[in-house]
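A.B. asks: Below are the chains, spelled out letter by letter.
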Amino acid sequence: MTVLDTKDESLPRAEHPAAEAWRVFRSRPAALFGLLLLSIIVIVSLFGPVLYAVDPFEIVWAPLTPPFETETAILGTDNLGRDMLAGLIVGGRATLLVGVTAALITIIIGILVGALAGYYLGWVDDVLMRITEFFQVLPPLLFAMVLVTLFSPSLPVVAMSIGIVSWPATARLARAEFMRIRGLEYVSAGRSIGARDGRLIWRVILPNALAPLIVSATLTIGVAILFEAGLSFLGLSDPNTMSWGLMIGSGRQYVLDAWWVVTLPGAMIFLTVLGVSLIGDGLNDAFNPKLRER
Amino acid sequence: MKTLRGMLAGAAIATALVVTGAVQAQEPVKGGTLVIGTTQKPRHLNPAVQSGVATAVPGTQIFATPLRFDAEWQPQPYLAESWEVADDGKSITLHLRKGATFHDGKPITSGDVAFSVKTVKENHPFKTMYGPVTSVDTPDEQTAVINFDAPHPAALLAMSSALLPILPEHVYGDGQDPKSHPANSQTVGSGPFKLVEYKPGEHIILEKNPDYFLEGKPHLDRIIIKNYKDVTSMVLAADKGEIDMLPFLTSTRDLDRLKKNDALEVTNQGYAAVGPINWLAFNTKNEILKDLKVRQAIAYAIDRNFIVNALHSGFSTPVTGPVVSGSPFAAPDVNGYDLDLDKANALLDEAGHARDGDGTRFKLSLDYIPGFAEMQKTVAEYLRPQLKKVGIEVKLRASPDFPTWAKRVSGHDFDMSMDIVFNWGDPVIGVHRTYLCSNIREGVIWSNTQSYCNEEVDTLLGQAGTETDQAKRADLYRKAQAMIVDDVPLVFLNELPYHTVYDKKIGNAPLSIWGPMAPMDDVYKSQ
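These protein sequences, in sequence, are chains U and E. Numbering-wise (my numbering), the first sequence opens with residue 780 and increments by one. Numbering-wise (my numbering), the second sequence opens with residue 826 and increments by one.
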């Protein structure tokens, strides 16, 4: 990719871009805090159920017992008498899974559409952008509700729906990056030595356009988690998989009398989204040389 | 001290008497709007072809019936100013009021009564209600004679509330299918209120019928039935005084909350005839559930007391048979399957369903009606870990809205489902339908969606439905109920704790046996 001979010891050794990004990221306390927060949540979600092996669906104590009243359910129970702590630990898995899956769907569709539109321009761009605009003007929550309603509430459907309503922004971002990069000299150079479109798109332009897309994808995880919580609040979540959204959805009726049934899973969602957002901001700084000097 | 307390109590009673007396003596105020809150969305507003509360509350305001019932189960004149039951019980003669008209100004005749009986008989999900009708004679404009092939003790009750709305033949008799007739949503009736606007999912606006056949009524100018997305927001609206009446409220925490509001009255009166039962239904055509032992095992695995006391805070009451306890035909002595996990496990072993490595015997799905969380979703969520104890893995199947659930259950596309079904006053009307072999009708909700069939039960119900001797009738029902409970087409769980919450400004609140499913022509609102 570079014409410089990096073996020439007389030149100053260039820092690897990833190392440089990490150095910047590391210098941002907020970003590090976000990383720590999310790491704890992910580790607890992954290994917590092994250490605290209580079935989150099992009824263990009297319904709506407040926190710290019984050792059996230290964080209290929900409206059925199920252990809140078990729900919080296990619930993170589904919530994070939905968030990550939805973000992946967003990024895949977004890059595919954006790359083709931004690279080929012309009628391809016109057609793809009209489609993108069509999805962009639909109210996202409403559209997601319609999709979940049509295909019954289950985790894959919820993740798909969130992905389907959130990709247009990523597509536009990818398109802008591709339009900018496709005119740069190294792309022309690639084309002049006979590289085909496919190679130029996926091997030459995409790696150089990835930085802002990674930032956007990270932030999408946060948005997707909030989305899942929103759908659950409206009762559109999979009742067979414990998730923070499900806990909020079934607890919302009792919020006036039992604060903990909604507040605790709500706080978990808040912390997760906060962690994800801080990481996203940190990555943005790390990848963006213009902001880096501030 | 004792005397003082006695005096205070006496004074309190005296005050109460004075207050009650004052309320009763108060002249009904003319005018005003009654706002009724609900979370239920009707399919349409014609009770002749659709059962259910969502249609019945507006339906009984729009359509008048031949009779109405008071709070003591006594029939009262309504569209019919008098009636006679033949000595052999095989016919009823109705004498209609002169000069009564439909909302479009056309007179109501005996021909409309005959047409309505025919429409209800052919289209209403309660087949047993007008099944015995052989013909309706109309000797003159004001007289209708309904003939039965056998004595029909439930007939008078079946002419009240939402059960026999008198439809104008000139509107509904144009040959279109009554189930999908456009006038089901743009109704023409003869009741105290007429339809002004119907926005499905939002509101139903009813306005006073100025030509109502009962002089000086209704008192109200308007009734607005307002749809709420969920019970919580509806209850908050009632607490703030935005709603005048909340019928059919069951959520115990909300009832507790509203009881503390001094401006509101909370009562469980008005639901005597409804007889609402919350139950777990089996699709007896299902490969696993067609085995009686499996169904019995599930019944033994469920703890009714936990549902009633822990999940419903003691507001609801357990039900062990097809007829609710308030009815003269209840059979509290039939075996109602009390919790016994050992027995449940033994039955499942006998049925040949061994546990696999995870302890699971088999998997079943469980549906529930959306929007009644405390009675439906919560109980379904309870059943999941509870049935796991005996090795049954339950997968909950959520329905985004009522029509989706209704389509699944009426289409027999389910394993198990939570359901709420009403007794509707007389067993002939609301109980027979669930168990008769002849009422297995795909596509009709609250028919025999369990596909349960026992010829002996059919025979007993048939006899009970035509027995005019009350004691003999009760005995036949007891036998039928014992058989049904033995066959377990469903597991009876609890009676719904229905309550009506209304603003104290509302006078003559609808508290007869049919409660809010009766014409509100006496209701008024003081300023």
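Accuracy of the hints is not assured; some may be wrong.
To be verified - Footprint (simulated), chain U over chain E, 3 or more residues, beta carbon under 8 angstroms:
| no. | segment |
| --- | --- |
| 1 | 1012-1025 |
| 2 | 1203-1211 |
| 3 | 1215-1223 |
FYI, nobody ran anything at the bench for these hints, they're computed from the structure. Using N, Cα and C, we set each Cβ at its ideal position, and we do this for glycine too.
A.B. asks: Would you mind marking each hint as holding or not holding in the structure?
C.D. replies: Hint check:
1. For the segment 1012-1025 of chain E, the proposed coverage by chain U is not satisfied: 0 residues have a C-beta within less than 8 angstroms of a C-beta in that chain, short of the threshold of three.
2. By the rule of at least three residues with a Cβ nearer than 8 angstroms to a Cβ of chain U, the coverage given for the segment 1203-1211 of chain E holds, with 7 such residues.
3. For a cut-off of 8 angstroms, the count of residues in the segment 1215-1223 of chain E with a CB near a CB of chain U stands at 4, and the three-residue condition holds.
Going down the numbered hints, you'll see the structure goes against just number 1.
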